[in-house]
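Q: The lines below spell out each chain.
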Amino acid sequence: MRSPDATDVERIEGLLRGMPPETERDAQLERMIRELRTASPQAPREVRERVRTLREPERQRSLGWRPVLVVVPVALAFAGAALLGRGDDNSDQGVAFSRERAAALEAQPAPQAKDAEDAFAGPLAPTISETARAQEWDVSLALAVRDNRNLSDASAEAIRTTRSLGGFVVSSNVATQGRTGRADLVLRIPQRRVQDAIAQFSELGAITGQQVTVQDRQADLDRLAKRIDTLRIQVAEIDAQLAQGGLSKVDRLRLELRRQRLQGELKQLTRERTGIANEVALSEFSLTLETRRAAAAAGDSRIDGAVGDAVEVLSVAAAAGLFLLIVLAPLAVIAALLFLVRRSLRRREEERLLEQPRPTPSS
Amino acid sequence: MGRPRRRSDVNRPTFAGVAEDCLDEVYRYLLMLTANPSLADDLTGATFEKALKQWRRYDPRRAAPITWLCSIARTTALDHFRADARRRRREERFALEQPEAEELHLAGLSPELEAAVGELTAAEREVLALRVVLDLDAESAARVLGVSRTACSMRLARTLTKLEERMAADALA
Numbered sequence: 000m001r002s003p004d005a006t007d008v009e010r011i012e013g014l015l016r017g018m019p020p021e022t023e024r025d026a027q028l029e030r031m032i033r034e035l036r037t038a039s040p041q042a043p044r045e046v047r048e049r050v051r052t053l054r055e056p057e058r059q060r061s062l063g064w065r066p067v068l069v070v071v072p073v074a075l076a077f078a079g080a081a082l083l084g085r086g087d088d089n090s091d092q093g094v095a096f097s098r099e100r101a102a103a104l105e106a107q108p109a110p111q112a113k114d115a116e117d118a119f120a121g122p123l124a125p126t127i128s129e130t131a132r133a134q135e136w137d138v139s140l141a142l143a144v145r146d147n148r149n150l151s152d153a154s155a156e157a158i159r160t161t162r163s164l165g166g167f168v169v170s171s172n173v174a175t176q177g178r179t180g181r182a183d184l185v186l187r188i189p190q191r192r193v194q195d196a197i198a199q200f201s202e203l204g205a206i207t208g209q210q211v212t213v214q215d216r217q218a219d220l221d222r223l224a225k226r227i228d229t230l231r232i233q234v235a236e237i238d239a240q241l242a243q244g245g246l247s248k249v250d251r252l253r254l255e256l257r258r259q260r261l262q263g264e265l266k267q268l269t270r271e272r273t274g275i276a277n278e279v280a281l282s283e284f285s286l287t288l289e290t291r292r293a294a295a296a297a298g299d300s301r302i303d304g305a306v307g308d309a310v311e312v313l314s315v316a317a318a319a320g321l322f323l324l325i326v327l328a329p330l331a332v333i334a335a336l337l338f339l340v341r342r343s344l345r346r347r348e349e350e351r352l353l354e355q356p357r358p359t360p361s362s
Numbered sequence: 000m001g002r003p004r005r006r007s008d009v010n011r012p013t014f015a016g017v018a019e020d021c022l023d024e025v026y027r028y029l030l031m032l033t034a035n036p037s038l039a040d041d042l043t044g045a046t047f048e049k050a051l052k053q054w055r056r057y058d059p060r061r062a063a064p065i066t067w068l069c070s071i072a073r074t075t076a077l078d079h080f081r082a083d084a085r086r087r088r089r090e091e092r093f094a095l096e097q098p099e100a101e102e103l104h105l106a107g108l109s110p111e112l113e114a115a116v117g118e119l120t121a122a123e124r125e126v127l128a129l130r131v132v133l134d135l136d137a138e139s140a141a142r143v144l145g146v147s148r149t150a151c152s153m154r155l156a157r158t159l160t161k162l163e164e165r166m167a168a169d170a171l172a
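Same order as they appear, the protein sequences are chains A and B.
Here the first sequence is numbered in numbering that gives the first Met the number 0, starting from 0 and rising by one per residue.
Here the second sequence is numbered in numbering that gives the first Met the number 0, starting from 0 and rising by one per residue.
Bound-form chain B, shown alone (with noise of 0.2 Å):
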């Protein structure tokens, strides 16, 4: 480690200890999101090695490590869907069967909420993991996102009714 060169390199994290310090946060996130145990593996993975290669653009003073990290591992887990979605559109042409997707399985969650989470979409997972799980705030999340502060809101409040409900219905079933 060499002296700093600039101002700002004074305050600046480490990428190992940003990686050390936001690795399990990251791979919740896109164990939420995807819902796919094996996926978020891979994908946790790709988003360190994306991060890595953009590191010199990070700027500590415009977002938190784990929001910067976040929008990474955003970007990672849709570029996989599309490639996901072409991939589904020509095994359907060729008439193959879609893959089963894997158990959910998050640690310490009891199997009513398990399953009522394993119901929400991607879109709910995900803001579910970073306004929950994360424990992100409003701005932060929504930043991730693309969205407003607003909708954000909104689409956690939407997203825990949901799951709410799911619950509700579980325990009366």
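Next up, chain A with everything else stripped away, as it sits in the complex (with noise of 0.2 Å):
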């Protein structure tokens, strides 16, 4: 058989468009394809009436991809809101959540933790125990205040009542810098104001930050004064050996020493004990106190926070995404290899069954 070559191909292209032939070879051809064409056999009537049966079905409702639309926004929405809510946010509730809180922390029991560390930003703190038992507090609390003279007046203000509630002020710090400025306050309180001084520090601005630190000491006061009782007898008993007579001169050494051991460990607890109850005497308090501003940056400190968590979180689905590739590339391949492999045989296949010669019908 003559193989075709590129202007046969035209050729034939062209009579398929309707070209006139050229050459009696042409003609040849064209005469084939209308006859093939003109032949246009019919499928039967039962095929059709079986093509008819087929319906349609109808569309079943479903959603599809569209509640995506919906749900991811609403989660990232969420994600966003906590993200960014995390933390303390009391700025709201300001001055006015002070004297009700004190309120209701009269009303609350005392706190039975031996060591209850407490650090929340809600309008919460423990009450300061009506039971004879020695806690250790430590109160920080963080106040907005509008501008940096309401700053200056709040700061002289706590200075103020710390005195009024027979504290003192420890240290003091007051920082302005062009429109914002911080005030660091370290307050000694009497215990047995705290709740006092709480109140009436909240009334300075609005806070934005507190946690309260309870530390029950009545366990090392009972020890210490166990021991302590425990000395004293033990050098009671010394001096009234020492009273008596007709010790040796060694013996009398020897309890002597014995005594002064006594005397320098009773003086040591004692110190520690007087430490205890001075501390437990006197609340430390810190006191921040913050122009609106400050304390707008820290909340965008916050959004640079969030943000950061959103670039952690994707480098590790990066690093993750990155670990998997590396592991399934290999498989990747060999999969698309297997792929084109199976297309390849299979189009081999169709090529074979599609060569394969008709069979002879029977005359």
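In short, the hints are calculated from the structure, not lab data.
Honestly, I wouldn't trust all of these hints.
Derived DEER-like restraints, expressed as beta-carbon distance ranges [stated by the list, open to error]:
id, chain 1, residue 1, chain 2, residue 2, range
1, A, Arg44, B, Arg92, 37 to 43 Å
2, B, Ser37, A, Val70, 49 to 55 Å
3, A, Pro329, B, Ala150, 54 to 60 Å
4, A, Arg341, B, Asn10, 32 to 38 Å
5, B, Lys49, A, Gly13, 32 to 38 Å
6, B, Arg92, A, Ala317, 21 to 27 Å
7, B, Ala114, A, Gly17, 46 to 52 Å
8, A, Gly17, B, Ala170, 24 to 30 Å
9, A, Ala78, B, Asp78, 48 to 54 Å
10, A, Gly304, B, Lys49, 53 to 59 Å
Glycine is no exception: its CB is placed at the ideal position from the N, C-alpha and C atoms.
Since each chain sits alone in its own frame, please combine them into the complex, following the hints.
A: Right, dumping it as structure tokens:
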């Protein structure tokens, strides 16, 4: 059989498009094409009926991908709110909160935990124990004030309040820069006046954060008292022995040395007990006052933190993705090769099937 | 018929309409491909059943209905050929005779042309069916065949040349 060349292909394409034949051979081809096209067998009636019975199914109402448009933004909004809302935010409660809380604090029962550390942002603080238990209180309070003038007034007021409550100022640091400012005050307030202090300081500005740490020191004091009592008894016993006569010089010296050691230990424990008692008697109060602009900057840093968290999450996801890529890439290459090989084999098989000669009909 | 739900639904034909329009063409294609009228009947029905199942995936913007249906018809026919080849291998193992082919009957063809067409392979009859009988353009036919446009045109030219030579040989005889 003669192999067709590019000219034959173009010629045949032209004839198919309806171009007139130029040669006798073209005319022959054109006749063949026309004959093939005019021979138009119709599908038998049975086939037509069979196809007509096929009904297009009613499209089921499915939501498809559309819910994603709602669910994803809502989920993102929740995630964003969770990130941004993390940490404290009591600024809207402001001054009004303080008095109510002070009243609530007084109504609450005393904390019974041995060591209780309560770091919180909400309007809640443990009450001062009405029992005789010794507790060490550390209170941190952060307040936002309107401007530097208010900052200065509030700082002065805080110092005045501290003195009026019978406390004193350990340190005071007030710094302003431009329209922002910050004051850090470390105060000692008698423990019995802590609630009053919280109430009065809260009126100086809007609360932006607070932390109250309560540590029960009663066990320490009890232990020290017991030990001190024991030591005193031992000293008294030694004194009684020394007061009696008939002791050898060596025995007397031994008792005196022992008494000396016991006295030293007694003094140290007494000092320790006094220190604890002082700690318990005076609560440490860290008061931070900031202008709103500075507080807002802190809020911005919270947004920065959220962005940082998001970047961190993305970087972790990227690392995980890279890991998966490294692990899965060879498998993907193998899968792609298998797919190509399979497709090639399938094509070859199809060609073989279609190249088979038609069985000769019996005559 | 409900209100169209998507913009693409507006111009989307119905399955019944497409089946009515393309039934004869699909039948002709399968008749040429299989060279077996009763087999073409069965495969035509099977093709439309398969098409109905896949109808929701059909995108009118990507291919004309006849191109899409011919692709399904081709897959259906190839599946049949595969199954048939397996069956024949089994039968050969048990020394059974091959079933004889039915007469190729294309209405309106001269006996010479019909005989010449009958001597072609299925692949050659297929390209003849797509390009000449159904008058698909080279691109659509190539898409159905899964080959390039050039390969499709070359296959058609080779087939027509072969057909022409057979006709000439018959005329001389």
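Q: Against the structure, test the hints numbered earlier, and report the numbers of the ones violated in rising order.
A: Hints 3, 6 and 7 contradicted; others consistent.
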